[in-house]
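Given these sequences and hints, build the entire structure.
Same order as they appear, the protein sequences are chains A and B. Okay, so the first sequence: first residue is 1 according to our numbering, each after it adds one. Okay, so the second sequence: first residue is 1001 according to our numbering, each after it adds one.
Any given hint could be a false lead.
Calculated pairs, EDC-like style, for lysine to aspartate or glutamate (alpha carbon to alpha carbon, straight line, at most 16 Å) [stated by the list, open to error]: (1) Lys1135(B) with Glu57(A); (2) Lys1126(B) with Glu112(A); (3) Lys1336(B) with Glu1223(B); (4) Lys1190(B) with Glu1357(B); (5) Lys1146(B) with Glu57(A); (6) Lys7(A) with Glu112(A); (7) Lys1283(B) with Glu1311(B); (8) Lys1135(B) with Asp1123(B); (9) Lys1043(B) with Glu136(A); (10) Lys1146(B) with Glu112(A); (11) Lys1190(B) with Glu1153(B); (12) Lys1253(B) with Glu1179(B); (13) Lys1288(B) with Glu1311(B); (14) Lys1259(B) with Glu1272(B); (15) Lys1474(B) with Asp1024(B).
Some chain A residues well away from chain B (every beta-carbon gap over 10 Å; in silico) [stated by the list, open to error]: (16) Met6; (17) Arg29; (18) Lys34; (19) Arg40; (20) Asp44; (21) Ala108; (22) Gly135; (23) Ala144; (24) Leu154.
If you're looking for bench data, these hints aren't it; they were derived computationally from the structure. This one's a predicted model, so the numbers in the text were calculated from it and none came from an experiment. Note that CB positions come from ideal geometry on N, CA and C, so glycine has one too.
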Amino acid sequence: MTHALMKTRILGMGNTILTDDGVGIYVVREVAAKLAEIGRTDIDVAEAEMAGFALLELLSGWDRVIIVDAVQFSELQPGEIVSIETADLHTSLRLRSIHEMDLPTAMALGIELGYPMPREVTIFGIQAEDMHTLGERLMPSVAAAVPQMVEQILSII
Amino acid sequence: MRKISIDPITRLEGHGKIEIFLDDKGGVANCYFQVPELRGFEKFVEGMPVEEVPRVVTRICGVCPAAHHLAAGKAVDAVYKVDPPPTAKKLRELFYAAHFLHSHIAHFYALAAADFVLGPDSDPAKRNILGVVQKVGRQTGVEVIKHRAIAQEVQRIVSGRSTHPVWTLPGGVSKGITEAERADIVEKAKSSVEFAKFSLKLFDDVVLKNKAYLDLILSDTYELNTYHIGTVDERNRVNFYHGDHRVVDPAGKEVFRYKDHEYLNHITERVEKYSYLKFPYLKDIGWKGFVDGPESGVYQASPLSRLNAAEGMATPLAQAAYEQFYSTLGGKPVKKLLATHWARLVELLYAAERLLELAQDPEIASPNFRTLPTATPEEGVGIVEAPRGILTHHFRTDANGLVTMANLIVGTTNNHAPISMAIKRAAQKVIQPGKEVGQGLLNMVEMAFRLFDPCFSCATHSLPGRMPLVVEIKDPEGTVVHREVQ
Chain A
1 MTHALMKTRI
11 LGMGNTILTD
21 DGVGIYVVRE
31 VAAKLAEIGR
41 TDIDVAEAEM
51 AGFALLELLS
61 GWDRVIIVDA
71 VQFSELQPGE
81 IVSIETADLH
91 TSLRLRSIHE
101 MDLPTAMALG
111 IELGYPMPRE
121 VTIFGIQAED
131 MHTLGERLMP
141 SVAAAVPQMV
151 EQILSII
Chain B
1001 MRKISIDPIT
1011 RLEGHGKIEI
1021 FLDDKGGVAN
1031 CYFQVPELRG
1041 FEKFVEGMPV
1051 EEVPRVVTRI
1061 CGVCPAAHHL
1071 AAGKAVDAVY
1081 KVDPPPTAKK
1091 LRELFYAAHF
1101 LHSHIAHFYA
1111 LAAADFVLGP
1121 DSDPAKRNIL
1131 GVVQKVGRQT
1141 GVEVIKHRAI
1151 AQEVQRIVSG
1161 RSTHPVWTLP
1171 GGVSKGITEA
1181 ERADIVEKAK
1191 SSVEFAKFSL
1201 KLFDDVVLKN
1211 KAYLDLILSD
1221 TYELNTYHIG
1231 TVDERNRVNF
1241 YHGDHRVVDP
1251 AGKEVFRYKD
1261 HEYLNHITER
1271 VEKYSYLKFP
1281 YLKDIGWKGF
1291 VDGPESGVYQ
1301 ASPLSRLNAA
1311 EGMATPLAQA
1321 AYEQFYSTLG
1331 GKPVKKLLAT
1341 HWARLVELLY
1351 AAERLLELAQ
1361 DPEIASPNFR
1371 TLPTATPEEG
1381 VGIVEAPRGI
1391 LTHHFRTDAN
1401 GLVTMANLIV
1411 GTTNNHAPIS
1421 MAIKRAAQKV
1431 IQPGKEVGQG
1441 LLNMVEMAFR
1451 LFDPCFSCAT
1461 HSLPGRMPLV
1471 VEIKDPEGTV
1481 VHREVQ
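What follows is the structure in structure tokens.
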């Protein structure tokens, strides 16, 4: 099925009072604004500050989901953007998260329980500088990545 | 753009870390445990109108927003010296019972069950809710999702939103419930009681009737002999929303109790040199290090603690479950930490029964859910039991109600010392001189950690940056000899 026929959701995840942990949400808000400008009403944009079991509800019913979230990997610089395959999460990390469940488990559980889970999941991570100080603004290093991330998403939908 | 694959030994920032130092003989000398903590809370709320704080703190934690909302709400009532009307308190407690349902269902089925239903040695790729569902049946999975959703729906009906509530006000709440909503909640509560009973039965069938699991629970690998703290009503029965905070000693005897505003008389915090973590302990007893026993001020705050610190449950089915709990485990207090998972299920049943009870209360749908404050705001403390332990919010304001001081002790913080000690104990059992260390290590350590249902810094997203656990074993020189990453 081509992308044009897929039901697509762009999902920003994060926490907007934890400084860079909000970047996924800020990105999708800008994506939504741009989509409105160009009259694209066929793409759904959603924000989620909760994960775990909620992922089942957030993902099911969509053919394709693009997720944006903050990450923290030691070899990346703040503001760097990476793409991650769900399969990578599945084989390289244990499926456990500290609380509830993580993305690969939610996907597999949804399929097991007969939910219509997406065929295609694309995950973008933006390297955070600080996710532990309370604050409602991005660090400049991370804010600088937002326009590029927005463009990247618009180019693939 | 860079594509990244996650290598199991990739160093992940923002993770929980356990460092195990070996002695010269290859046994465990010490265990240190660190997690990143939230910074800048006081600065963040400084100058904010204090009645805004309950709306902001819900977003500190994606897992227990309701707990923060209510603790902060109670603190704000205290700041304004206003007592909400009975309907408001009952509504808040009803809402909170639904939150406990949702949280305990999620923890038990997504995390705890896998260890028992599948076994601690099972394939890690299956040792999660997916494996549980595949083993106990798809219908159970459907019921889990359904009842978790029911609990969230009750929260939404009562407070207006299912997550991140915007509901408490100084002196009460912003909305009540209609008669139709009340009747709907009654039906949902009845279904939840049945599901809670089912969950306890599942635990009985799969865990208690399995000798290997029962032996694991009763073994001394997961055991601590500490004080316990829990909130109780006027008859010393567990209450999640309000009451006296009762502290019992390692023999189960009450040593003292305190009301919300008295917490600083009894709880103080220590910071260790190697860690920025705070380790709360009982002031009256004193800090003697990471040791248990009646001379050490280390205490636990968990579902097990709540049962140990109380004299019973306030609803009949939960009371029966409580009695069976103690008669199976040899009386009060229970020191076997894996029993915390069972205690969580006893609380699940209480939460469901309490939800039903409150939904049937004649005052619950009354329109009288707010008392307007009239006093000048000053200072207040609000304490509730979060699913993972006692939660304390404390604010001071100027005469206009703008925050000048804020302090928070979150549920898991109470347990920093016990978690460290439980991990060390498990590590000492697993790491023996000359014995090969493998994946079994991480799981034994995880079990010690996971039973506390820990919630650290509460980043809410679900990608790898979300609190993975790194366990490192170091020789006496500090060289890493083994590393496992969750």
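Hint-by-hint comparison with the structure:
1. A C-alpha spacing of about 23 Å is found between lysine 1135(B) and glutamate 57(A), which places the hinted pair above 16 Å, so the restraint is violated.
2. The straight-line distance between the Cα atoms of lysine 1126(B) and glutamate 112(A) is roughly 13 Å, inside the 16 Å bound, and the hint therefore holds.
3. Simply put, lysine 1336(B) and glutamate 1223(B) have alpha-carbon atoms about 5 Å apart, close enough for the 16 Å limit, and the pair holds.
4. About 10 Å separates the Cα atoms of lysine 1190(B) and glutamate 1357(B), which keeps this hinted pair within 16 Å; it holds.
5. Note on lysine 1146(B) and glutamate 57(A): the hinted pairing holds, with a Cα-Cα distance of about 12 Å set against a maximum of 16 Å.
6. For a cut-off of 16 Å, the pair hint linking lysine 7(A) to glutamate 112(A) is broken: about 21 Å separates their Cα positions.
7. The straight-line distance between the Cα atoms of lysine 1283(B) and glutamate 1311(B) is roughly 24 Å, outside the 16 Å bound, and the hint therefore fails.
8. Restraint check for lysine 1135(B) and aspartate 1123(B): the C-alpha separation of about 13 Å stays at or below 16 Å, so the hint holds.
9. Between the alpha carbons of lysine 1043(B) and glutamate 136(A) the distance comes to roughly 12 Å, so the proposed pair stays at or under 16 Å and holds.
10. As the CA atoms of lysine 1146(B) and glutamate 112(A) are separated by approximately 15 Å, the hinted pair is consistent with the 16 Å bound.
11. Of the supplied pair hints, the one linking lysine 1190(B) and glutamate 1153(B) holds, its CA atoms being roughly 14 Å apart against a limit of 16 Å.
12. Annotation: proposed proximity of lysine 1253(B) to glutamate 1179(B) is violated, straight-line Cα distance about 44 Å (limit 16 Å).
13. For a cut-off of 16 Å, the pair hint linking lysine 1288(B) to glutamate 1311(B) is broken: about 28 Å separates their Cα positions.
14. Distance restraint check for lysine 1259(B) and glutamate 1272(B): the Cα-Cα separation of roughly 28 Å exceeds the 16 Å cut-off, and the hinted pair is therefore not satisfied.
15. Pair hint lysine 1474(B) plus aspartate 1024(B) holds up; C-alpha atoms about 11 Å apart against a cutoff of 16 Å.
16. Distance to chain B confirms methionine 6(A) as a non-interface residue, since its nearest Cβ pair spans about 22 Å, more than 10 Å.
17. Non-interface status of arginine 29(A) relative to chain B is upheld: no Cβ of that chain comes within 10 Å, the nearest being about 16 Å off.
18. Even its closest Cβ contact with chain B, about 19 Å, leaves lysine 34(A) beyond 10 Å, as expected for a residue assigned away from the interface.
19. No beta-carbon of chain B comes within 10 Å of the beta-carbon of arginine 40(A); the shortest separation is about 22 Å.
20. A cut-off of 10 Å between C-beta atoms confirms that aspartate 44(A) is not in contact with chain B; the least separation is 19 Å.
21. Against chain B, the non-interface label of alanine 108(A) is violated: not every CB pair exceeds 10 Å, the least being about 5 Å.
22. In this structure glycine 135(A) is not separated from chain B by more than 10 Å, as the shortest Cβ-Cβ distance comes to only about 7 Å.
23. Alanine 144(A), annotated as away from the interface, keeps every beta carbon of chain B farther than 10 Å; the closest lies near 15 Å.
24. Every CB of chain B is more than 10 Å from the CB of leucine 154(A) (nearest about 14 Å), matching its label as outside the interface.
Hint compliance for this structure: hints 1, 6, 7, 12, 13, 14, 21 and 22 are broken, all remaining hints hold.
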